[in-house]
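Asker: Letter by letter, the chains look like this.
Protein chains: 2
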Amino acid sequence: MTFTSRTPRVVAARKLQRRRDRDQAGRFLAEGPQAVREALASGVVVELFATAAAFERYAELAAHAPVASEVSDEGLESLAETVQPQGLVAVCEQVDVSLRDALAKQPRLVAVVAEIRDPGNAGTVLRTADAAGAGAVIFAGDAVDPYNGKCVRASAGSLFHVDVVRTAIDVVTPLREAGLQVLATSGYGADDLDTLADDGALAAPTAWLFGSEAHGLPEELLDAADRQVRVPIYGGAESLNLAAAAAVCLYASARAQR
Amino acid sequence: MTFTSRTPRVVAARKLQRRRDRDQAGRFLAEGPQAVREALASGVVVELFATAAAFERYAELAAHAPVASEVSDEGLESLAETVQPQGLVAVCEQVDVSLRDALAKQPRLVAVVAEIRDPGNAGTVLRTADAAGAGAVIFAGDAVDPYNGKCVRASAGSLFHVDVVRTAIDVVTPLREAGLQVLATSGYGADDLDTLADDGALAAPTAWLFGSEAHGLPEELLDAADRQVRVPIYGGAESLNLAAAAAVCLYASARAQR
Numbered sequence: 051m052t053f054t055s056r057t058p059r060v061v062a063a064r065k066l067q068r069r070r071d072r073d074q075a076g077r078f079l080a081e082g083p084q085a086v087r088e089a090l091a092s093g094v095v096v097e098l099f100a101t102a103a104a105f106e107r108y109a110e111l112a113a114h115a116p117v118a119s120e121v122s123d124e125g126l127e128s129l130a131e132t133v134q135p136q137g138l139v140a141v142c143e144q145v146d147v148s149l150r151d152a153l154a155k156q157p158r159l160v161a162v163v164a165e166i167r168d169p170g171n172a173g174t175v176l177r178t179a180d181a182a183g184a185g186a187v188i189f190a191g192d193a194v195d196p197y198n199g200k201c202v203r204a205s206a207g208s209l210f211h212v213d214v215v216r217t218a219i220d221v222v223t224p225l226r227e228a229g230l231q232v233l234a235t236s237g238y239g240a241d242d243l244d245t246l247a248d249d250g251a252l253a254a255p256t257a258w259l260f261g262s263e264a265h266g267l268p269e270e271l272l273d274a275a276d277r278q279v280r281v282p283i284y285g286g287a288e289s290l291n292l293a294a295a296a297a298v299c300l301y302a303s304a305r306a307q308r
Numbered sequence: 051m052t053f054t055s056r057t058p059r060v061v062a063a064r065k066l067q068r069r070r071d072r073d074q075a076g077r078f079l080a081e082g083p084q085a086v087r088e089a090l091a092s093g094v095v096v097e098l099f100a101t102a103a104a105f106e107r108y109a110e111l112a113a114h115a116p117v118a119s120e121v122s123d124e125g126l127e128s129l130a131e132t133v134q135p136q137g138l139v140a141v142c143e144q145v146d147v148s149l150r151d152a153l154a155k156q157p158r159l160v161a162v163v164a165e166i167r168d169p170g171n172a173g174t175v176l177r178t179a180d181a182a183g184a185g186a187v188i189f190a191g192d193a194v195d196p197y198n199g200k201c202v203r204a205s206a207g208s209l210f211h212v213d214v215v216r217t218a219i220d221v222v223t224p225l226r227e228a229g230l231q232v233l234a235t236s237g238y239g240a241d242d243l244d245t246l247a248d249d250g251a252l253a254a255p256t257a258w259l260f261g262s263e264a265h266g267l268p269e270e271l272l273d274a275a276d277r278q279v280r281v282p283i284y285g286g287a288e289s290l291n292l293a294a295a296a297a298v299c300l301y302a303s304a305r306a307q308r
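Line by line, the protein sequences are chains A and B.
Start counting the first sequence at 51; every next residue gets the next number (our numbering).
Start counting the second sequence at 51; every next residue gets the next number (our numbering).
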């Protein structure tokens, strides 16, 4: 039997494109072979929807799904948010953990996206933090939903590699109590990243706080952090974009912590 | 007199949204107060179009334009590619220089975007290279037009700060003859960025080659470069996105060259 866009299980899955429904169900959608592979490896796939062609092409993925359902091309299109999901969309259990559980593992590098509403930016920071070896990425305050489709895609699988936490904005105290120095990024920060690296200050376990490109970090986080750090600007640019700034900071820590 | 979307000068300016017309005219469009301010400072503005409200709000910008024309709201909308250009669009002379002229200035840091077709990625690398103190950014081979509206916006003014070059793909020999070591980025590179930094190899004048996220660098550039360099991956991510990888490499050089 081939499902269509009107088959009740497809209709139910499609609702997960909306945050409210994701929050209620505690589930989300992952699309495309890379994300589906990582979701399967994490054991969070509830049901895999695949077109006939995708069933053939990705037989090993379908074989590992607890439930694999064939959908028509239009049925798959109704589930997918991208033009080319390559025939695969999986319903997954949400993977986030509590702040307490994430910090109990004593991560040496943590990234906090504070009130970042752009899903592409948040997903890119998640991917970069994973690459730099961070143990946890914390979505703090009124941040984008990490299960937003665009965020999931920008994370390129990293959503399944690190501890993802959703929590309130007042994260500095618990981070510090977990033995992490808390470094807030700011274009006007008193400390220069290169100087901190020279002084050996980045070798300590560190949580980096990143704010939105438009508004920066909320005052309360800037004030509560141990240091306000600026990435040095050597040329005429006013600033770096968020993805670039996060990459420079997280890799400076990764390098110092080797 | 208030121009509308049908006023011939507005119609002519609007054509600059297309690459072919930009190439023919040797001009492009910059929108929004930040880009217009930088274009004016560079002396490349031919004509500024502004709404009545923008004329009032940005009077000092309008005063510095050689020609400033009032357009209706719908006239401005017809010129703008973004939803909120804040009432300003400028026709500018193209700013790129020849490879020979850019290299004659003996830049110590250069970024090459080779066959990168995504305008947002190319513009972000341009911005990051400027922030890291690069003297030139080279669009090589079948790369996006640096004057593509999305690239101009992603560059956040950096298009006007560094020498932008458009040239053929065979850039390695001229770069090397200009005294630059040529480092090609590759996920499979034999050299690790952190090891190069440890060994002091990044203090020398350097040109970084970046390829597209989907296809990487063309073989001929990988083979011709002095080294193939990988950004170390400390976690579970397969790779970094282009903006993040470029930021880590360019800032590693900037730090070593201080």
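Among the hints, a few may not be true.
Because identical chains share one entry, a pair is satisfied inside a single copy or across any pair of copies.
[What the hints assert, rightly or not] Within a straight-line C-alpha distance of at most 25 Å, the following computed SDA-like cross-link-like pairs (lysine to any residue) qualify:
no.: 1; residue 1: Lys200; residue 2: Asp249
no.: 2; residue 1: Lys65; residue 2: Arg158
no.: 3; residue 1: Lys200; residue 2: Glu288
no.: 4; residue 1: Lys155; residue 2: Pro282
no.: 5; residue 1: Lys155; residue 2: Pro116
no.: 6; residue 1: Lys155; residue 2: Gly229
no.: 7; residue 1: Lys200; residue 2: Ala91
no.: 8; residue 1: Lys200; residue 2: Gly266
no.: 9; residue 1: Lys155; residue 2: Gly286
no.: 10; residue 1: Lys200; residue 2: Glu270
no.: 11; residue 1: Lys65; residue 2: Ser262
no.: 12; residue 1: Lys200; residue 2: Glu263
no.: 13; residue 1: Lys200; residue 2: Ala264
no.: 14; residue 1: Lys155; residue 2: Ala62
no.: 15; residue 1: Lys155; residue 2: Ile283
In short, the hints are calculated from the structure, not lab data.
Asker: Could you run down the list of hints and mark each one as holding or not?
Answerer: Hints, verified against the model:
| no. | hint | verdict |
| --- | --- | --- |
| 1 | Lys200 / Asp249 | neither (38 Å within a copy, 39 Å between copies) |
| 2 | Lys65 / Arg158 | neither (37 Å within a copy, 53 Å between copies) |
| 3 | Lys200 / Glu288 | between (27 Å within a copy, 18 Å between copies) |
| 4 | Lys155 / Pro282 | between (32 Å within a copy, 23 Å between copies) |
| 5 | Lys155 / Pro116 | neither (30 Å within a copy, 62 Å between copies) |
| 6 | Lys155 / Gly229 | within (11 Å within a copy, 49 Å between copies) |
| 7 | Lys200 / Ala91 | within (21 Å within a copy, 37 Å between copies) |
| 8 | Lys200 / Gly266 | both (21 Å within a copy, 23 Å between copies) |
| 9 | Lys155 / Gly286 | between (42 Å within a copy, 17 Å between copies) |
| 10 | Lys200 / Glu270 | neither (28 Å within a copy, 34 Å between copies) |
| 11 | Lys65 / Ser262 | neither (28 Å within a copy, 34 Å between copies) |
| 12 | Lys200 / Glu263 | both (18 Å within a copy, 17 Å between copies) |
| 13 | Lys200 / Ala264 | both (19 Å within a copy, 18 Å between copies) |
| 14 | Lys155 / Ala62 | neither (36 Å within a copy, 62 Å between copies) |
| 15 | Lys155 / Ile283 | between (35 Å within a copy, 21 Å between copies) |
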